[in-house]
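Engineer: Take the given structure of chain A and dock chain B to it, following the hints.
Number of protein chains: 2
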Amino acid sequence: MVKVAVLGYGTVGSGIVEVIKTNQDMVNKKAGDEVDVKYILDLRDFPGDPYENLVVHDVDTILNDPEVAVVCEAMGGIEPAYTFSKKALLQGKSVCTSNKELVAKHGPELIRMAREHNCNYLFEASVGGGIPIIRPINASLTPEKIDSVSGILNGTTNYILTKMEREGSDFDEVLKEAQAKGYAEKNPEADVEGYDACRKIAILSSLVYGKNVDFEHIYTEGITKITTNDFKYAKKLGYTIKLIAKSKCVDEKYFAFVSPCMINSENPLYGVNDVFNAVMVHGNTLGSTMYYGKGAGKLPTASAVVSDVIDCAKHIGKTIFCFWEEDNLEISSMEEDVRPFFVRVKGTREDAEKAFGKMQFVEADVAGEVGGVTEAMSEKAFNEASAKCNMISRIRVEA
Amino acid sequence: MVKVAVLGYGTVGSGIVEVIKTNQDMVNKKAGDEVDVKYILDLRDFPGDPYENLVVHDVDTILNDPEVAVVCEAMGGIEPAYTFSKKALLQGKSVCTSNKELVAKHGPELIRMAREHNCNYLFEASVGGGIPIIRPINASLTPEKIDSVSGILNGTTNYILTKMEREGSDFDEVLKEAQAKGYAEKNPEADVEGYDACRKIAILSSLVYGKNVDFEHIYTEGITKITTNDFKYAKKLGYTIKLIAKSKCVDEKYFAFVSPCMINSENPLYGVNDVFNAVMVHGNTLGSTMYYGKGAGKLPTASAVVSDVIDCAKHIGKTIFCFWEEDNLEISSMEEDVRPFFVRVKGTREDAEKAFGKMQFVEADVAGEVGGVTEAMSEKAFNEASAKCNMISRIRVEA
Chain A
19 MVKVAVLGYG
29 TVGSGIVEVI
39 KTNQDMVNKK
49 AGDEVDVKYI
59 LDLRDFPGDP
69 YENLVVHDVD
79 TILNDPEVAV
89 VCEAMGGIEP
99 AYTFSKKALL
109 QGKSVCTSNK
119 ELVAKHGPEL
129 IRMAREHNCN
139 YLFEASVGGG
149 IPIIRPINAS
159 LTPEKIDSVS
169 GILNGTTNYI
179 LTKMEREGSD
189 FDEVLKEAQA
199 KGYAEKNPEA
209 DVEGYDACRK
219 IAILSSLVYG
229 KNVDFEHIYT
239 EGITKITTND
249 FKYAKKLGYT
259 IKLIAKSKCV
269 DEKYFAFVSP
279 CMINSENPLY
289 GVNDVFNAVM
299 VHGNTLGSTM
309 YYGKGAGKLP
319 TASAVVSDVI
329 DCAKHIGKTI
339 FCFWEEDNLE
349 ISSMEEDVRP
359 FFVRVKGTRE
369 DAEKAFGKMQ
379 FVEADVAGEV
389 GGVTEAMSEK
399 AFNEASAKCN
409 MISRIRVEA
Chain B
19 MVKVAVLGYG
29 TVGSGIVEVI
39 KTNQDMVNKK
49 AGDEVDVKYI
59 LDLRDFPGDP
69 YENLVVHDVD
79 TILNDPEVAV
89 VCEAMGGIEP
99 AYTFSKKALL
109 QGKSVCTSNK
119 ELVAKHGPEL
129 IRMAREHNCN
139 YLFEASVGGG
149 IPIIRPINAS
159 LTPEKIDSVS
169 GILNGTTNYI
179 LTKMEREGSD
189 FDEVLKEAQA
199 KGYAEKNPEA
209 DVEGYDACRK
219 IAILSSLVYG
229 KNVDFEHIYT
239 EGITKITTND
249 FKYAKKLGYT
259 IKLIAKSKCV
269 DEKYFAFVSP
279 CMINSENPLY
289 GVNDVFNAVM
299 VHGNTLGSTM
309 YYGKGAGKLP
319 TASAVVSDVI
329 DCAKHIGKTI
339 FCFWEEDNLE
349 ISSMEEDVRP
359 FFVRVKGTRE
369 DAEKAFGKMQ
379 FVEADVAGEV
389 GGVTEAMSEK
399 AFNEASAKCN
409 MISRIRVEA
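Chains as they are written, first to last, in the working numbering: chain A, 19 to 417; chain B, 19 to 417.
Check the hints yourself; a few may be wrong.
A pair counts as met if it fits within one copy or between any two copies, since identical chains are not told apart.
[As the list claims (entries may be wrong)] Cross-link-like lysine to any residue pairs, in silico, SDA-like; alpha carbons within 20 Å at most:
# : residue 1 : residue 2
1 : K266      : V380
2 : K47       : R133
3 : K181      : A399
4 : K253      : N230
5 : K250      : S411
These are calculated hints, taken from the structure and not from any lab test.
Isolated chain A, as found in the complex (with noise of 0.2 Å):
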């Protein structure tokens, strides 16, 4: 029998539980042994709830508790989240979790102290929701040299640019209506300029480098200032546009970075739509592979934690070996990174191509301004070359 405990009754949490009791017999015959939730932790009690009688509101009685092998912390932000599960690891309980902030912020060391106490701390759910991609990265992957890691990570931003695309609406529009549905958060600028994406990427980039990506040196861009008008020219362009979050290792300095991009069809995260999120993954020797799926939502977050409880059930007493180095990867200025661009120039195309050189336009009907691509320059020629026109906007181009 392995005991469980969740952290946090909430959405995640929640759905944690309901995981285990739905999928009762196949979490059982996967496991090994007969999983069973002993306690949730939250500060509320829940009246009429089917589990009411496990809820306590003092962690203690959880650390104290030797029966417990097992903790999923669903309560996502650093506090209490960061204490709590540096105290389960300390007792060799193991530590499952969704809580993207934690691991970016303190992934490697609670890594570190898991492997020191003999138990693990699992972080599936941390990115793309209930895709399987940290297993995948860890266990599958593993002869490969991994040379760069891209994605769409947050499935709020996707559907904000699929809607925007599709019905020519207005960032500002559609964001109002992806709150109304529960879609976007009442403040949506975690989502909106990027920061959950770069979260993410520095996860998966520490899992593929094997050292740590600092998320604070990570360019992150939003997609608050993409307009209908871009998205006319892209679709001329055979482009669409979507938030991509990236590290790459080129002539062995590494990149990383969180900005709208314009994609073409040959591109397979052009296809991935509205809530849906994908990692791509390109190997040496394997060349492309990509994980699809729902990024967010209560169930197939809550799967991807229960997927991580299982692991651990099969491992008790046992670390499986997750390479994330506490040293920090240096990440190189985006200045020095290379890609076209898209731009949009108040003038004529001669203004255009006397700052930035041979374009390929196109032509969308937006008056007084000239749009179209330019040929691959560093992003420090490029900043340069913006100096010398009337430059409106400007869009990366990722192959």
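Structural biologist: Relative to chain A, chain B alone:
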């Protein structure tokens, strides 16, 4: 030090050696031990090959060497691969393979033998080439009750269908071109008749439902009868035509088939083109996830085999659990399966509707016939209806 033997030094076998040697540091790091190729078994000699000194001609050299812990079977076909694999497992040597024929035919027996001898029989490369799909099913989707698995599992036929759609070319013409390019074999039957995809969906289905799905019980229809006119209709309907391999559980009955199907752009498989493969898995709490990548090719397939080698190296003396019982799962008759059908009928729309009931017709400018999609009906009802009119052809429609 984990000593490895490679059986068969053809495309996949030489790829396995190449992946291990190219990524030796990564392989060792992930295995937690040095992984070293000690023998290569082949009937031929390879003078001038960098590893010619590893080549042996007698399998007993490998089987009788207690140092060899992992055997990569890259011979293909049933014999002697089956006998060699059994002998290796009886000695407690783990076997990793890309051999879908053997896994589909004797998988559960070999898995049981591995379990009885505290070693492993792993076959990540047998389905989807380099796409991690076996391990995600076994280790990531663990809490899920999976109710369907579907995919584009054969690169050759996907290449042919993609070309037919894009260029309006005939099947025979594209097949010849694919053969010239090496994308199709001289004897293309196993690919174009769906036999290859059939074995792969049998393997996936056995893993997700936990009981053996006998590939001989799977209805299998190839792509040889698909014409350019079919693609004209498909385009008008907003569909594409793919060779779909699928199994599903509906009301506790299991269905499995390989067949060309019309699918619409909402289906994530719609955008899977050229030689790429993809597998979609639907679970009761997770919803749909999809796994995409190169379904064949020397290095991607070899990379998947080496990921298994690493897993074996990490689990010396221990069996990684795999749920694939030897009992056969009962597969219901295709006649009971229900879906809409696209049909082409010689005559008028009235003739067609007299046979099939209400239909959605489209005009594709093909003289002397009408084409359209029926309401959902059982295959049995459809077959009976089709006898009541002059039907030219039909293609199943999958959501």
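Engineer: Each hint: holds or not?
Structural biologist: Structure-based check of all given hints:
1. When the C-alpha separation of K266 and V380 is checked against a cutoff of 20 Å, the pair qualifies neither within a copy, at 30 Å, nor between copies, at 47 Å.
2. In this homomeric assembly, K47 and R133 come within 20 Å of each other (Cα to Cα) only across copies, at 16 Å, whereas the closest approach inside a single copy is 26 Å.
3. With identical chains, the CA atoms of K181 and A399 are never at most 20 Å apart, being 33 Å at best within one copy and 40 Å at best between copies.
4. Taking the shortest Cα distances, K253 and N230 never come within 20 Å of each other, neither inside one copy (38 Å) nor across copies (48 Å).
5. Taking identical chains as interchangeable, the C-alpha atoms of K250 and S411 lie at most 20 Å apart only when both belong to the same chain, with a minimum of 14 Å there against 41 Å between chains.
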